[in-house]
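> Listed below are the residues making up each chain.
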Amino acid sequence: MSAPNKSYDPVEVEALKPEEIERMRDEALAAFAAAGDLDALAQAKTAHTGGTSPLSLANREIGALPPQAKAAAGKLVGMARGAVNKALAARQAELEDERDARVLVEEAVDVTLPHDRVPAGARHPLTTLSERIEDIFVAMGYEVAEGPEVEAEWFTFDALNIGPDHPARTEHDTFFVQGPEGAANSGVVLRTHTSPVQIRSMLDREPPVYVICPGRVYRTDELDATHSPVFRQVELLAVDEGLTMADLKGTLDHMVKALFGEGIETRLRPNFFPFTEPSAEMDMVCYVCRGESVGNPDRPCRTCSSEGWIELGGCGMVNPKVLTACGVDAEKYSGFAFGFGIERMLMFRHNVEDMRDMVEGDIRFTRPFGMEI
Amino acid sequence: MRVPLSWLREYVDLPATETGRDVQARLVDAGLEVETVEQLGAGLKGPLVVGKVLTIEELEGFKKPIRFCTVDVGPANGTGEPQEIVCGARNFAVGDKVVVVLPGAVLPGDFAIAARKTYGKTSHGMICSSDELGMGPDTTGGIIVLPPEHEVGTDAIALLELVDEVLDIAVTANRGDCLSMRGVARETAIAYGLPLRDPALLDVPAPNSYGYPVKVADPIGCDRFTARTVTGLDPEARSPIWLQRRLQKAGMRPISLAVDITNYVMIELGQPLHAYDRSLVDGPIGVRRAEAGELLTTLDGTKRKLDAADLVITDNRGPIGLAGVMGGANTEIADSVTDPETGEVKGTTEVVIEAAHFDAVAIARAARRHKLTSEASKRFERGVDPQAAAAAAQRTVDLLVLLAGGTAEAGVTEIVSPSAPRSISMRADHPDRVAGVEYGRESVVRRLQQVGCDAYGQDELVVTVPSWRPDLSEPNDLAEEVIRLEGYANLPSTLPKPPAGRGLTERQRLHRRVGRALAGAGFTEAPSYPFVAESVFDQLGLDAGDPNRKVVKLVNPLSDEEPALRTTLLPGLLATLRRNVGRGSHDVALFETGLVFHPSSTPGVAARLPVDRRPTDEEIASLDAVLPVQPRHVGAVLAGAREQAGWWGKGRPADWADAVEAARAVAREAGLELAVDQGQYGPWHPGRCAELYVFPEGVKTLVGHAGELHPRVVKAFGLPARSCAMELNLDDLEQAGEGVVQAPSISTFPVATQDVALVVDASVPAAAVENALRVGAGELLESIRLFDVYSGEQTGAGKKSLAYALRFRAADRTLTVEEASAARDAAVAQAAESTGAVLRGA
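So the protein lines, in turn, are chains A and B.
FYI, the numbering for the first sequence is 20 to 392, going by my numbering.
FYI, the numbering for the second sequence is 7 to 848, going by my numbering.
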């Protein structure tokens, strides 16, 4: 057994005394606690954990101790340094939190400020309403068909069984297009309905044909609160084997339910059109009063004038003569068709009071309708 | 067609409790559009009685002549004493029978009658005009003077049939039969399942050879002509009250007895009639086509030059009537005139009655040619029952004998072109197949019989249609009769099963995307009318030879100022812009997508192709060839602030770049990057006009322009200064679209960024510099962005500096600085070679 090491320096041993280590530790903890901000803490950190800090210096002394003392001293210093580092980290986190909270408060803004830097645009409600109707039928498998607005009379009238003497074929109703050298009888008109697209669809395709024909049409009406010489229609044509008026009715019922909600149905009233036979006028239940305003003067309905029904447009079974003119075998196939004006529907669906609002392009009218309707 | 309910009841025994509204509902279900039910005499309350004028005192000193009368009203006033009444009318004399309303009564329009002081007298009631009683069209121009036979004190509400209901029916073009009481009564009888008393079922004497001579030279235009003669008419005879009232309720003005009777029979049976004053007809009556240029003065006093296609009635002198439209003035029934000397009443005493059937198309064309629509032409156009002519003539004769004391001559002229009843073959289940309902043969036959058809056969029916339904000619017409009478309301609701669809076409999706993109960018859609004045192209500053000046013109424009169709969307957009600014919206961005119209390069007349078969592809192509070219354009205009000023800082006025960006936004939706050249085109500022190109299949194609508008255009359209616009041919864009996007391969190696500033001549377009940089940089270039444009002292006069950020990246490695720099140098070298660019600071 070797003798105890007597060659240590009593002064250095002083620095590693437990009470000294405790003092250093406590001073460091006190300095951290006293640091009021992150800068002060950084200084305290340098002073108490840096290379020249008392605890670091003390740590260095351990090497000078006799081996048997090293372990105890190392443990002592290590624990003190651990406590100091832990306190430093805690204080650091505490002060950062305080700073962050302060900064976030300082960065607060008034989020109620308006932001209309680039005012919103909008699509025209006639466009979006037309698209909405198209989408109903596209979902059922129909195609959307389009055609020229300046159209041959044959497509616009003759093929639709509207003979040359029909009153619609006068300058009273129809815009005629000048022929070469300004000739009046060019056989070309501004289409008065989108029905020529139905004709073109039948000529282009083999049955079955299921198309929806939206578009602009023209009639010689002066612009007023309820008329426009230029307006939009949606027409539908279905040609297939075994189509019936019941199918027509069901298709109309489906459309008005999709546009106006469950419980809204259509009513057919006999009427006459050259291009359909049988023909009907179609009405829908008033979606506002649902018929409750009828005979009920206490609850008048503006939308349907207390009639309970809203007139939509015309419909019927495609006249076999029309099928024949389009090369469709009228013995084998039957068809139904309907058509109505989008302006009118926009008026009663959205309470538009004056046709001119839909025509003039005032952005104050159009903007509220946004992108879809 | 106005149908008095009281008159209708004459032919159908409707339950007494049925109101006009009830009948309306039934008829609407059956297919007659009863638009309104007018309540005649609503709120009317007596006493309203027949009175006899006893004395008349003319009151002087007032602005208009006023009479103070005493009128005997019998016991109606409770005293039997003469009633003192002040009256402003002058068309009556002492002894006349008049209609007197007494205090306590209420006239239509909530007009309560009480004794009142007026013109210095007290008036105890009123002597009534037909207006005040709500009686309808009238020619008396004063108070009602009744025939003398009516007794004093008689209730005038009943006498004048003042309380009634009138159904107003909008008759469709195919139902000429319902322009008569007979037709409406038939529909009513069917709707109620009641028998009809057909007013056309009359005993008619057989035609003979001694009637008034008639020669029909055009049996196609006139397939039936009945003439009857009545003599010994009393010129003093007036239409009885019931006759006048029925005419008034039906919306016609009573005129004279003979005319009233022909009108009455026309309304009753639907057969237009004409009565000629026989003493004024010179020789036989003829029917022929007019000679072009012949003249005829019609009853409305208009002198008309006739067309060779007009069907006319003639006598020895020439035309005496425009057949089926209007009679001539030269054979008009004379108004009765009293000779002031002798007191003798002179007027027409003998008439020839015409009941004829004319070709619907001939009459329609004549009415249109002469812009002359009459009750007669309206009926002939829509189809008159040819079999009713004889009955109508007989009915007219009967009434003339009964009401005018006339004598019917025994001669009966009847000229009839032979014709057979029309038959239609139809499968008995055809209506079932049209409706989607199983009615069964029995119901089908029963319904067809109700409308007057004969139907024979089992599975295959042979249906003979009645003479009054010329509109029934095809199986579907018959199906409609069955279905409407079975009730449209009873149709089930089923859905067909279309083949699975493919949704919208690429083109349709593009149109929607374009709309959404522009709306999303702050533009508001504003579709405008396509009508323009040709002078608008001057306003737009187009060259004299600009193809956009070639327009499609209308024969009958709404306004003679705007006879052409647009070739550009700008006129409409600019007008809408001005309207918005004028209404106080200063920051406006608008867009429109729509067709423009260019005359066909192969102009001509579009043929009337046949309709009894499919036209050939060549025939269809011949129609399409003459139609205008109608591409879809998109246009946008801007004025005012593009970005608003606000708490965030200053605003930014809309400028040329916003217009170009709008065009780019549209092109992006078509999957295209627009190429931009500096350009010049009429409507745009010559220094701020971008020509916009795409490259379908490598061919550089101009698709539109964008930029700031020319100050002249701004002025011409009254727009805010520096308004901007763009217009693109959307069809061209769509066709240039590249279809399916190919996914790029994304390198995950780091990017190397290099900035270069190049000095070029001010006239060199930035697009050219960028293009050169791209070419020179090669495939390592990932993106390029112009981040600054500068011109000033440091660049030197006439120069500008363009600063670009180039980003390089390789697919397979991290680029070295040397590699990136080499690529950059190559880019700069290319720019130097192509555009004369010099590296700034070099």
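The set of hints was computed from the structure by calculation and includes no laboratory data.
From the three backbone atoms N, C-alpha and C, an ideal C-beta is built for every residue, glycine too.
Errors might be hidden in some of the hints.
To be verified - Here's a subset of chain A near chain B, in silico, CB distances under 7 Å, partners left out: (1) Val-128; (2) Val-130; (3) Thr-131; (4) Leu-132; (5) Ile-155; (6) Val-163; (7) Trp-173; (8) Glu-225; (9) Leu-262; (10) Lys-268; (11) Phe-279; (12) Ile-283; (13) Met-336; (14) Gly-380; (15) Phe-384.
What the hints assert, rightly or not - Simulated pairs of lysine-lysine, BS3-like, Cα-Cα distance not exceeding 27 Å: (16) B:Lys-70 <-> B:Lys-127; (17) B:Lys-556 <-> B:Lys-805; (18) B:Lys-503 <-> A:Lys-351; (19) A:Lys-340 <-> B:Lys-311; (20) B:Lys-221 <-> B:Lys-311; (21) B:Lys-69 <-> B:Lys-127; (22) A:Lys-340 <-> B:Lys-384; (23) B:Lys-309 <-> A:Lys-276; (24) A:Lys-36 <-> A:Lys-89; (25) B:Lys-384 <-> B:Lys-309; (26) B:Lys-805 <-> B:Lys-721; (27) A:Lys-340 <-> A:Lys-276.
As the list claims (entries may be wrong) - To give an idea of the chain B side of the interface with chain A (calculated C-beta under 8 Å), a few residues: (28) Ser-499; (29) Gly-588; (30) Asp-618.
> Are the hints correct? Go through all of them and say.
Evaluated hints:
1. At about 10 Å, the closest approach between the beta carbon of Val-128 (chain A) and any beta carbon in chain B exceeds 7 Å, and the interface hint on this residue is violated.
2. Annotation: interface hint on Val-130 (chain A) violated; nearest CB of chain B at approximately 12 Å, more than 7 Å.
3. Below 7 Å, beta-carbon pairs count as interface contacts, and Thr-131 (chain A) has none with chain B, the closest being about 11 Å; its hint is therefore violated.
4. Residue-level restraint check for Leu-132 (chain A) holds (minimum Cβ-Cβ distance to chain B is 6 Å; threshold 7 Å).
5. Taking 7 Å as the C-beta contact cut-off toward chain B, the hint placing Ile-155 (chain A) at the interface is violated, the least distance being around 12 Å.
6. Using the Cβ-Cβ criterion of 7 Å, the hint placing Val-163 (chain A) at the interface with chain B is satisfied: the shortest such distance is roughly 6 Å.
7. Restraint check, Trp-173 (chain A) versus chain B: the minimum CB separation of about 5 Å is within 7 Å; hint holds.
8. Proximity of Glu-225 (chain A) to chain B is violated relative to the hint, the smallest CB-CB distance being about 11 Å (cut-off 7 Å).
9. With a least beta-carbon distance of about 6 Å to chain B, the hint placing Leu-262 (chain A) at the interface is held under the 7 Å criterion.
10. With its C-beta approaching chain B no nearer than about 5 Å, Lys-268 (chain A) sits inside the 7 Å limit, and its interface hint holds.
11. Interface restraint check for Phe-279 (chain A): the shortest CB-CB distance to chain B comes to about 16 Å, outside 7 Å, so the restraint is violated.
12. Checking Ile-283 (chain A) against chain B by beta carbon gives a least distance of about 12 Å; that is not within 7 Å, so the hint is violated.
13. Taken as an interface hint, Met-336 (chain A) checks out: its beta carbon lies about 6 Å from the nearest beta carbon of chain B, inside 7 Å.
14. The interface hint given for Gly-380 (chain A) holds, since its Cβ lies 3 Å from the closest Cβ of chain B, which is under the 7 Å cut-off.
15. Because the closest C-beta pair between Phe-384 (chain A) and chain B is about 9 Å apart, greater than 7 Å, the hint is violated.
16. For the hint pairing Lys-70 (chain B) with Lys-127 (chain B), the CA-to-CA distance comes to about 15 Å; that is within 27 Å, so the pair holds.
17. At roughly 42 Å between alpha-carbon atoms, Lys-556 (chain B) and Lys-805 (chain B) are farther apart than 27 Å, so this suggested pair is violated.
18. A distance of roughly 17 Å separates the Cα atoms of Lys-503 (chain B) and Lys-351 (chain A); the hinted pair therefore holds under the 27 Å criterion.
19. Only pairs whose Cα atoms come within 27 Å are accepted, and Lys-340 (chain A) paired with Lys-311 (chain B) is rejected, the gap being roughly 38 Å.
20. Restraint check: the Cα-Cα separation between Lys-221 (chain B) and Lys-311 (chain B) comes to about 23 Å, which is no more than 27 Å; the hinted pair holds.
21. About 16 Å separates the Cα atoms of Lys-69 (chain B) and Lys-127 (chain B), which keeps this hinted pair within 27 Å; it holds.
22. Among the hinted pairs, Lys-340 (chain A) with Lys-384 (chain B) is consistent with the structure: their alpha-carbon atoms are about 26 Å apart, no more than 27 Å.
23. Our distance criterion of 27 Å between C-alpha atoms is broken by Lys-309 (chain B) and Lys-276 (chain A), whose separation comes to about 58 Å.
24. Taking the CA atoms of Lys-36 (chain A) and Lys-89 (chain A), the gap is about 12 Å. The hint holds against a cut of 27 Å.
25. At roughly 21 Å between alpha-carbon atoms, Lys-384 (chain B) and Lys-309 (chain B) fall within 27 Å of each other, so this suggested pair holds.
26. Among the hinted pairs, Lys-805 (chain B) with Lys-721 (chain B) is inconsistent with the structure: their alpha-carbon atoms are about 33 Å apart, more than 27 Å.
27. Restraint check for Lys-340 (chain A) and Lys-276 (chain A): the C-alpha separation of about 32 Å exceeds 27 Å, so the hint is violated.
28. The criterion of a C-beta within 8 Å of any C-beta in chain A is met by Ser-499 (chain B), whose closest approach is roughly 4 Å, and the hint holds.
29. Using the Cβ-Cβ criterion of 8 Å, the hint placing Gly-588 (chain B) at the interface with chain A is not satisfied: the shortest such distance is roughly 10 Å.
30. Annotation: Asp-618 (chain B) was flagged as interfacial toward chain A, and the flag holds, the nearest CB pair being 6 Å apart, inside 8 Å.
Of the numbered hints given earlier, the model fails hints 1, 2, 3, 5, 8, 11, 12, 15, 17, 19, 23, 26, 27, 29; all others are met.
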